[in-house]
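Residue numbers (my numbering), protein chains in the order written: chain A, 1 to 219; chain B, 1 to 143.
Calculated directly from the structure, the hints in this document are not laboratory data.
These numbers were taken from a predicted model, which means no experiment stands behind them.
Using N, Cα and C, we set each Cβ at its ideal position, and we do this for glycine too.
Watch out, some of these pointers could steer you wrong.
Unchecked claim - Simulated coverage check for chain B against chain A, where a stretch passes if three residues somewhere in it have a Cβ under 8 Å from a Cβ of chain A:
{"hint": "1", "region": "9-18"}
{"hint": "2", "region": "26-39"}
{"hint": "3", "region": "100-111"}
Said to hold, decoys possible - Distance condition first, Cα-Cα at most 30 Å in a straight line; then the derived DSS-like pairs of lysine-lysine:
{"hint": "4", "chain 1": "B", "residue 1": "K47", "chain 2": "B", "residue 2": "K18"}
{"hint": "5", "chain 1": "B", "residue 1": "K59", "chain 2": "A", "residue 2": "K110"}
{"hint": "6", "chain 1": "A", "residue 1": "K87", "chain 2": "B", "residue 2": "K93"}
Unchecked claim - Using C-beta positions, here's what the derived DEER-type ranges look like:
{"hint": "7", "chain 1": "A", "residue 1": "E184", "chain 2": "B", "residue 2": "N51", "range": "45 to 51 Å"}
{"hint": "8", "chain 1": "B", "residue 1": "L103", "chain 2": "A", "residue 2": "I149", "range": "29 to 35 Å"}
{"hint": "9", "chain 1": "A", "residue 1": "P185", "chain 2": "B", "residue 2": "L103", "range": "54 to 60 Å"}
{"hint": "10", "chain 1": "B", "residue 1": "D124", "chain 2": "A", "residue 2": "K88", "range": "22 to 28 Å"}
{"hint": "11", "chain 1": "B", "residue 1": "G62", "chain 2": "A", "residue 2": "F187", "range": "39 to 45 Å"}
{"hint": "12", "chain 1": "B", "residue 1": "N131", "chain 2": "A", "residue 2": "D67", "range": "26 to 32 Å"}
{"hint": "13", "chain 1": "A", "residue 1": "D60", "chain 2": "B", "residue 2": "Q21", "range": "35 to 41 Å"}
{"hint": "14", "chain 1": "B", "residue 1": "S40", "chain 2": "A", "residue 2": "P171", "range": "55 to 61 Å"}
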Amino acid sequence: MYILIGGGGDVGYYLTRNLLGQGHEVLLIEKGSSRYQTLSEDLGQSVIKGDACEASVLEDAGARRADVIIAVTGDDEDNLVICQVAKKRFSVARIIARLNNPRHEALFEKLGIDVTVSPTKAILSLIESELPGPRFVQLMRLKRAGLEILDMSIPSSSPVVGKPLSQINLPRRCNLALVIREREPIFPTGDTVLQANDEVYALVNSDAEEELRRTFGTM
Amino acid sequence: MKVVVLGCGRVGAMLATKLDQANHSVTVIDLSSEAFQRLSPRFRGEKIAGNGLDEEILKRAGIDTADAFVAVTNGDNRNIMASQIAREIYNVKKVLCRIYDPLRQNTFNELGLETICPTTIVSDLFLNALNGTLTSQLGSKNP
């Protein structure tokens, strides 16, 4: 695959190295002179100097034949413009943007940039699932399938405590994939009876999150 | 008319001042509160120091009920992003965006943004001014 990456910070750099290692053709675009110098000593021809927001730079970088463009600068506005120019001018098939402020997700989606990665959000989810106490954390969204992976703990007050799974009304397209009880994994079946403080990993339809919360009495 | 102006540089400040003098309801946003010194001392509008790409700041500036939004920060990309937030998320009726880069202006015009490109406008103004001089010079050099 031919991959263009906009933004030669740490993320851009390691991404480039990684993808090159996987055998892809990669071109990193960095606009700062001294940063470019440092990068070119390491990456050679795989990095060029230029502002990835500019159509002329993307043209020279071969955007027309790129399979993927990834915008990973430290500024959401720059990432947005890179993606919009790539999409509008060069019809790049796959566009991925780094989102520093997770609240900008709605805007990017509205503007047709459907793959966004928010390091902030990802780290927050991971931290939340490490915190003691009751939890209901969305670990991951599988956007194209319309599903989410949730990590929830069952409070002692939950209506499902003591009931076998076969008797619990799960929302459609919901699957309880794994239960962790006192650090032991349990692959649940219809006979599995949930207990207070069980940690449940569930696959659920994006719009069924509320319903699941109510059924399980989780916060 | 209720107007939100993002960016209190020379243009933003003058625009806000004139709108205020014309009795519109103006709110100016800038990252630095020092920028507000450019406003007229008689400015009656609201001044908000903060990041205009931040939902909280925009809501505090009343973007929910704004009739118009003008993005005149010194960064093309910030203006582009803020304008799109105003239009796509808050459905502001009139959204104007300054873009210095003529190529970028092209792309975003096609994407439906109403833009003003000082680079093109000003260079045209200078050209016109020069043409007056050039023509008369050529005229006098006619053999």
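Consistency of the hints with the structure:
1. Counting residues of the region 9-18 of chain B whose beta carbon lies closer than 8 Å to any beta carbon of chain A gives 0, which falls below the threshold of three, so the coverage claim is violated.
2. For the region 26-39 of chain B, the proposed coverage by chain A is not satisfied: 0 residues have a C-beta within less than 8 Å of a C-beta in that chain, short of the threshold of three.
3. Counting residues of the region 100-111 of chain B whose beta-carbon sits less than 8 Å from any beta-carbon of chain A gives 7, enough to reach three: the coverage restraint holds.
4. Proximity of B/K47 to B/K18 is assessed by CA-CA distance (about 15 Å); at most 30 Å being required, the pair is judged to hold.
5. A distance of roughly 19 Å separates the Cα atoms of B/K59 and A/K110; the hinted pair therefore holds under the 30 Å criterion.
6. Proposed proximity of A/K87 and B/K93 is supported: the alpha carbons are some 25 Å apart, at most 30 Å.
7. In this structure the hint that A/E184 and B/N51 lie 45 to 51 Å apart at CB holds, the actual value being about 47 Å.
8. Between B/L103 and A/I149 the beta carbons are some 42 Å apart, a value that contradicts the proposed interval 29 to 35 Å.
9. Checked against the given bound of 54 to 60 Å, the beta carbons of A/P185 and B/L103, roughly 55 Å apart, stay inside it.
10. Distance hint check for B/D124 and A/K88: the Cβ-Cβ separation is about 25 Å, which falls inside the suggested range of 22 to 28 Å.
11. With their beta carbons about 54 Å apart, B/G62 and A/F187 fall outside the hinted range of 39 to 45 Å.
12. For B/N131 and A/D67, the Cβ-Cβ distance of about 48 Å falls outside the hinted range of 26 to 32 Å, so the restraint is violated.
13. Between A/D60 and B/Q21 the beta carbon distance is about 47 Å. The supplied range of 35 to 41 Å is therefore violated.
14. The beta-carbon spacing between B/S40 and A/P171, approximately 59 Å, falls within the hinted interval of 55 to 61 Å.
Going through the hint list in order, the structure does not satisfy hints 1, 2, 8, 11, 12 and 13.
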